[in-house]
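Here is what each chain is made of, one letter per residue.
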Amino acid sequence: MLENEAATLALGRALGQRLKALPEQVTVFLEGDLGAGKTTTTRGLLQAFGHQGAVKSPTYTLVEAYEWPERAVYHFDLYRLGDPEELEYMGIRDYFADDSVCILEWPERGQGYLPTPDISLQLRVAGKGREARLSAATKKGQEILAQVLESY
Amino acid sequence: MRVLGIETSCDETGVAIYDGERGLLAHALYSQIDLHAEYGGVVPELASRDHVRKLLPLIEQVMAECGSQKEDIDAICYTAGPGLIGALMVGASLGRALAYAWGVPAVGVHHMEGHLLAPMLEASPPAFPFVALLVSGGHTQLVAVKGIGQYEMLGESLDDAAGEAFDKAAKMLDLDYPGGPHIARLAERGTPGRFTFPRPMVDRPGLDFSFSGLKTYTLNTVAEHAQVDGLPDEQTCADIAHAFQEAVVGTLAIKCRRALEQTGLKTLIIAGGVSANTRLRTELEAALGKIGARVYYARPAFCTDNGAMIAYAGCQRLMAGQRESLAVNVKARWPLDSLPPL
Numbered sequence: 000m001l002e003n004e005a006a007t008l009a010l011g012r013a014l015g016q017r018l019k020a021l022p023e024q025v026t027v028f029l030e031g032d033l034g035a036g037k038t039t040t041t042r043g044l045l046q047a048f049g050h051q052g053a054v055k056s057p058t059y060t061l062v063e064a065y066e067w068p069e070r071a072v073y074h075f076d077l078y079r080l081g082d083p084e085e086l087e088y089m090g091i092r093d094y095f096a097d098d099s100v101c102i103l104e105w106p107e108r109g110q111g112y113l114p115t116p117d118i119s120l121q122l123r124v125a126g127k128g129r130e131a132r133l134s135a136a137t138k139k140g141q142e143i144l145a146q147v148l149e150s151y
Numbered sequence: 000m001r002v003l004g005i006e007t008s009c010d011e012t013g014v015a016i017y018d019g020e021r022g023l024l025a026h027a028l029y030s031q032i033d034l035h036a037e038y039g040g041v042v043p044e045l046a047s048r049d050h051v052r053k054l055l056p057l058i059e060q061v062m063a064e065c066g067s068q069k070e071d072i073d074a075i076c077y078t079a080g081p082g083l084i085g086a087l088m089v090g091a092s093l094g095r096a097l098a099y100a101w102g103v104p105a106v107g108v109h110h111m112e113g114h115l116l117a118p119m120l121e122a123s124p125p126a127f128p129f130v131a132l133l134v135s136g137g138h139t140q141l142v143a144v145k146g147i148g149q150y151e152m153l154g155e156s157l158d159d160a161a162g163e164a165f166d167k168a169a170k171m172l173d174l175d176y177p178g179g180p181h182i183a184r185l186a187e188r189g190t191p192g193r194f195t196f197p198r199p200m201v202d203r204p205g206l207d208f209s210f211s212g213l214k215t216y217t218l219n220t221v222a223e224h225a226q227v228d229g230l231p232d233e234q235t236c237a238d239i240a241h242a243f244q245e246a247v248v249g250t251l252a253i254k255c256r257r258a259l260e261q262t263g264l265k266t267l268i269i270a271g272g273v274s275a276n277t278r279l280r281t282e283l284e285a286a287l288g289k290i291g292a293r294v295y296y297a298r299p300a301f302c303t304d305n306g307a308m309i310a311y312a313g314c315q316r317l318m319a320g321q322r323e324s325l326a327v328n329v330k331a332r333w334p335l336d337s338l339p340p341l
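Chains as they are written, first to last, in numbering that gives the first Met the number 0: chain R, 0 to 151; chain C, 0 to 341.
Keep in mind that a hint or two might mislead.
Simulated crosslink set (DSBU-like; lysine-lysine; CA at most 30 Å straight-line) [unchecked claim]: (1) C:Lys330 with R:Lys19; (2) R:Lys138 with R:Lys19; (3) C:Lys170 with R:Lys127.
Facing chain R, according to a computed beta carbon distance under 7 Å, are these residues of chain C, among others [as the list claims (entries may be wrong)]: (4) Ala46; (5) Ser47; (6) Arg48; (7) Leu83; (8) Gly85; (9) Leu97; (10) Gly136; (11) Gly137; (12) Leu157; (13) Asp159; (14) Glu163; (15) Lys167; (16) Lys214; (17) Thr220; (18) Glu245; (19) Ala331.
Hints in this document: simulated from the structure, not taken from any laboratory.
Note that the Cβ used here is the ideal one computed from N, Cα and C, for glycine as well.
Pulled out of the complex, with its shape left as it was, chain R reads as follows (with noise of 0.2 Å):
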């Protein structure tokens, strides 16, 4: 249970630091309906990654890049694919590369055209709150989110 935006962001920050730690690529998809928190959780991610700024919502823009030296973390938001094809025009590929991190809101609107992810995260509208449900599909999601567990 996440009971309000503080504590949203710091799930995010938490997520961040781990995979901050590990120079691996890294894909996470973000799931949940409208006002769920998907945008504050990346937002607590990036701060993680050193970002101070303001987070914008990539709907419009479908992907947002955060760049350092040594990292890259992308945003996306699928919610305005009409098809999944459309990834494909867009570049999808290349930004999986090297050891950049991933981070979907949306991602059934990609289906077909996304890798596995590593890590899903379910959020949920619960009274005030949200309701967070993690989950790991890849050895490598399930070592994050073990260490992720243990420090959050």
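Given the coordinates of chain R, assemble chain C onto it according to the supplied hints.
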């Protein structure tokens, strides 16, 4: 000077021809073109951002429309950023290559500078200096504009853009995308005063915006009044749309007025998709009329992404001597205030 302008920074494929003396000669968006003529009868349904297949037929159509030959074109202007790298690369590589093949210069244009100068395409354009409100699905920014390339950022959205807030509120009310026009239509039937939504950040000093909280407030209001099918009754939906639009428009108007007072300027231009909203236009005219300021905007077709604004902005920079090297350079991020002044 006659230039070909190409816009492919996001969803839309737009092409236009602008002449420094005669003005805009032709412009088209892919969605408007007569596909039967260009594709010989079979009309494929092309995806958003499939700029590769859309661009050449569009250029051919626009050239034919105004009777221009390749010899008549003095430069190719293309959007070089900000935007989606994959989408930008299509327009930029085609524009750069075409310029090389035709032996003319290429000019890379900043997408937001294009929007900001779009009101210059109208019959009575504004004069510098002015304050610009750039308000679209991806941006909400207030900029002080002394001249072309002389931009000072006054404020911007810290989270969702105003246009995006419209889209998301529309989704909550089960309306189609893009949400702006649908919310505006529904709001006309809304009862003023039934709901009052918060005006985000107006009580704080400064010129930044935040629309994420308004999104959550809308979500909660919809949930409170939801019936068995998950939606409130029709009148309540209209009342919510009305209250939502008033909150967005009211917030934008307060900040615009504050920006004019802060800078001492008397002219405001509004650009970007949300600037097509009539309620915003009338509210701004009323609010700014009180302080003796005037509002300018582009026709609705030039509020959203288009090739005409890129051709216009590119032509201005071409006349000032700007040229691209032979390399194809595009930028996903490109701060407006980093542009060179003319």
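Hint check results:
1. Annotation: proposed proximity of Lys330 of chain C to Lys19 of chain R holds, straight-line Cα distance about 25 Å (limit 30 Å).
2. Annotation: proposed proximity of Lys138 of chain R to Lys19 of chain R holds, straight-line Cα distance about 17 Å (limit 30 Å).
3. For the suggested pair Lys170 of chain C and Lys127 of chain R, the alpha carbons sit about 21 Å apart, so the restraint of at most 30 Å is met.
4. Below 7 Å, beta-carbon pairs count as interface contacts, and Ala46 of chain C has one with chain R at about 5 Å; its hint therefore holds.
5. Interface restraint check for Ser47 of chain C: the shortest CB-CB distance to chain R comes to about 6 Å, inside 7 Å, so the restraint holds.
6. At its closest, the beta carbon of Arg48 of chain C sits 4 Å from a beta carbon of chain R; the interface hint therefore holds under the 7 Å criterion.
7. For Leu83 of chain C, the suggested interface contact is upheld, since its CB lies about 5 Å from the closest CB of chain R, less than 7 Å.
8. Proximity of Gly85 of chain C to chain R holds as hinted, the smallest CB-CB distance being about 3 Å (cut-off 7 Å).
9. Interface hint at Leu97 of chain C: violated, since its Cβ lies 20 Å from the closest Cβ of chain R, which is beyond the 7 Å cut-off.
10. Checking Gly136 of chain C against chain R by beta carbon gives a least distance of about 4 Å; that is within 7 Å, so the hint holds.
11. A cut of 7 Å between beta carbons decides the hint on Gly137 of chain C: the least distance to chain R is about 4 Å, and the hint holds.
12. Contact between Leu157 of chain C and chain R, as hinted, is supported at the beta carbon level, the nearest pair being about 4 Å apart and thus within 7 Å.
13. Of the supplied interface hints, the one on Asp159 of chain C holds, with its beta-carbon coming within about 5 Å of a beta-carbon of chain R, less than 7 Å.
14. For Glu163 of chain C, the interface hint holds, since its Cβ comes within 7 Å of a Cβ in chain R; the closest pair sits about 5 Å apart.
15. The beta carbon of Lys167 of chain C is positioned within 7 Å of a beta carbon in chain R (closest approach about 6 Å), and the interface hint is therefore held.
16. For Lys214 of chain C, the interface hint holds, the least distance from its beta-carbon to any beta-carbon of chain R being 6 Å, beneath 7 Å.
17. The restraint placing Thr220 of chain C at the interface with chain R is violated, with a minimum CB-CB distance near 12 Å, outside the 7 Å limit.
18. With a cut of 7 Å, the hint placing Glu245 of chain C at the interface with chain R is violated, because the nearest CB-to-CB distance is about 20 Å.
19. Interface hint at Ala331 of chain C: satisfied, since its Cβ lies 6 Å from the closest Cβ of chain R, which is below the 7 Å cut-off.
This entry does not satisfy hints 9, 17 and 18, going by the numbered hints stated previously.
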